[in-house]
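*Asks:* Spelled out from the first residue to the last, the chains are:
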Amino acid sequence: MNLRVKILSGFLILAVMLGTAGGISIIEFNKISRSVHALLDENYKSITAAKDMTEALEREDSGILLLMSGDWKSGRSTMEKADKDFINALNIAKTNITISGEQAATEAIDQAYNRFKALWERPIVDTSRQGNMGWYFSQAHPAFLEAKTSVKELMTLNDKTMYLTASELKNRAGRAIMPGIVAIISSLIFAIIFNFFINLYVIHPIKRLTDGIRSYMKSGKMVQFHVDSRDEISRLTEAIQELIYFVKKDEKTR
Amino acid sequence: MRPQIILRYLGFVFFFNAFFLLTSTIISASNGDSAIYPLAFSAIVCTLFGLFLFVFVPPTQDITNKEGLFIVVCSWLLSCLIGTLPYILWGGPFSFTNAWFESVSGFTTTGASILSNIQSIAPGLLFWRAATHWMGGVGIIIFVLAVLPSMGAASMILYRSEVSPLVQESFNYRTRKTLKIILYVYIGLTVMETVLLMFQGMSLFDATTHAFATIATGGFSTKNTSVAYFSSTGIEITLMIFMVLSGVHFGLLYLTITGSPRHLLESSVFRYYVTAMLIGICLVAVSLHHHNYDTWPQAFRYSAFQVISIGTSTGFASADSSAWPALAQLIIIFFTLQCACSASTSGGIKVDRMVLFWKVFLRRLVRLRHPRAIEVIKVDQIRIDDEVVETALTYIILYLSVLMLSAIILTMFGTDIMTAVSAVAAAMGNVGPGFGSVGSMSNYSHLPAAAKWVLTGDMLVGRLEIFALFLFVTVHRWK
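Chains S and B, in that order, are what the protein sequence lines are. The first sequence runs 1 to 254 under my numbering. The second sequence runs 1 to 479 under my numbering.
So that you can see chain S by itself, here it is in the shape it has in the complex:
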């Protein structure tokens, strides 16, 4: 193999190594970007919805107490606003089913909330339930807790997935950086070996050749050059040897 191909192959190998490392890093960074998007879009959206639902439920619980105390106006307006907020948040959760188990969790919330709503939709003021703490603790409060627990389950499910995605992100970040580090270290080792080979197969033969020519010029004796490789250097050596041979021959004929 000739010297030009050898040197070119050295640079090509280096380029392929760095290019591959760069390519893999880009792919991994792209995956990280997608994971971050998923983290925000899928999990964080559901977690926010769950938080809104919890807050709405707590306001409804307070609304029930207002109605029980006979304050129909404040109680009713609190309940209507909280109900509207809850339905909105639940709809966000329902349209953002992205992980396994999320569908079942939202259905459970829906059912638990309907049971809770059925209790306070009927009139409370001026009925036997007004001021009836026994009814509140035996029916209204357990239904509220059941709805709140089902919302919490949705939040836990998304929290867990978010944690797993974050751990995976950490691994992905490592996978994106490591090829670069490996490529840099490999390139350094490669450069050292390449330098050694250039010295061994190019610089040293040229030095030997130069020394040989100088020795011929001083003594006028034929010099034998020995080169291991079969490349441009060996052809140059052969050409110089031929040149010396012809010069010698020419001197003799004169």
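Rather than coming from a laboratory, the hints here were simulated on the basis of the structure. There could be a bad hint or two in this list.
[Stated by the list, open to error] Here are the simulated lysine to any residue pairs, SDA-like style, with alpha carbons at most 20 Å apart:
id: 1; chain 1: S; residue 1: K170; chain 2: S; residue 2: G180
id: 2; chain 1: S; residue 1: K170; chain 2: B; residue 2: R2
id: 3; chain 1: S; residue 1: K31; chain 2: S; residue 2: Y44
id: 4; chain 1: S; residue 1: K31; chain 2: B; residue 2: R2
id: 5; chain 1: S; residue 1: K160; chain 2: B; residue 2: A29
id: 6; chain 1: S; residue 1: K31; chain 2: B; residue 2: A29
id: 7; chain 1: S; residue 1: K6; chain 2: B; residue 2: T47
id: 8; chain 1: S; residue 1: K207; chain 2: B; residue 2: Q381
id: 9; chain 1: S; residue 1: K45; chain 2: S; residue 2: L8
id: 10; chain 1: B; residue 1: K378; chain 2: B; residue 2: L393
Here the structure is a predicted model, which is why all the values come from computation and not from measurement.
Please arrange chain B on chain S, whose structure you already have, making use of the hints.
*Replies:* Below, chain B alone, put in the same frame as chain S:
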């Protein structure tokens, strides 16, 4: 010494590793797992380096002993380094120290792991982990030389540096044919075991990886609870048969397969190997009966598997031997030190040296009774030179000295005595599991990083049979 020659031969090692990395990449791609890019990138880096060394350095066959030794030791170190690449690129539990530990443990066929949840690792990476066993088992150099017929005389110099000096002396193993015999036996046993394990109900992936680990006497499993996961007597029996076979001298196995079982049956080394194992199984079973298992068949089942697994330096586990009585543990420690025959994939002091040790002991007794008696040591009617005997005994003493020194160093890092001694013995014998906190159902992840480096050093010392590594370190004193 000519560095370029060493580099050219290391180019083959790069190619050899690249082939298995590429296979692992294909497996990873077919599974769609997360190890595809780490494996593919490692394969590309290896191929490029191999290609570069191959292109630049012209082929040479006249290599010196010194260069041969350098090629062998550097091949092991380089392979271990290449082995870390996919691990550190994949990340997870693999810091550089952990990746180095797992890689050295794989290539030296030790089978000690830092993984606490093996089943969470990508299948492609698990295949690579098993492949490191398989490559290390046959000895990287032997494999490369047997595959590359162009090397001629150079191959035998490398072979002498690779194979235990005892094997070279006690068996007529100096021809190129030997390399091919080892390779045929190795591949043949792997294929046979894979097929049999699949018949027992294992998937192709599990069967292949377990066959790689068995024939290489490695012990890496793809399951957290090793072989105990399968809870199958059939699988355990299959593994036991192949573990015993992998511990036998491959040349004798080849002769047996090709119709001359006489050599195997008449070999005193083989007879000692089998007898010692049978006695070990019986003693362990007796100590287990009533203590750990109520019935004799159960006691024999677990005793046989564990004794064979440790006695062949494989290291698979079907039960937690750390919970076994002291007698059973001591017998297993004896097998951790002794291991199986030379010219197999096993590690440890080796049965051949134990046979020589007993013969020397008997000669000493005769000489005490008859001081003028001339007693020649013979193994299977072959006269063993005093130099070989001396080398074997020196090896045993050196082995135990390194073991003690390493155990002392490990205790300096706060490791308890049982864990330290058994971990070092398991690392040097290339066995894998020890006792204490590194038992058959535990792992090495909790050990400090420095202790892991000491243990990887022990694994290499054990695999390269001490002398090669000492010669390598003291190469500047060679004349």
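*Asks:* If a hint holds in the structure, say so; if it does not, say that too.
*Replies:* Verification of the supplied hints:
1. A distance of roughly 16 Å separates the Cα atoms of S/K170 and S/G180; the hinted pair therefore holds under the 20 Å criterion.
2. Taking the CA atoms of S/K170 and B/R2, the gap is near 45 Å; set against the 20 Å cutoff, the hint is violated.
3. Our distance criterion of 20 Å between C-alpha atoms is met by S/K31 and S/Y44, whose separation comes to about 18 Å.
4. Our distance criterion of 20 Å between C-alpha atoms is broken by S/K31 and B/R2, whose separation comes to about 46 Å.
5. The suggested pairing of S/K160 with B/A29 is violated, with an alpha-carbon distance near 28 Å, which exceeds 20 Å.
6. Pair hint S/K31 plus B/A29 holds up; C-alpha atoms about 17 Å apart against a cutoff of 20 Å.
7. At roughly 16 Å between alpha-carbon atoms, S/K6 and B/T47 fall within 20 Å of each other, so this suggested pair holds.
8. For the suggested pair S/K207 and B/Q381, the alpha carbons sit about 60 Å apart, so the restraint of at most 20 Å is broken.
9. Simply put, S/K45 and S/L8 have alpha-carbon atoms about 54 Å apart, too far for the 20 Å limit, and the pair is violated.
10. For the hint linking B/K378 to B/L393, the alpha-carbon distance of about 15 Å falls within 20 Å, and the restraint holds.
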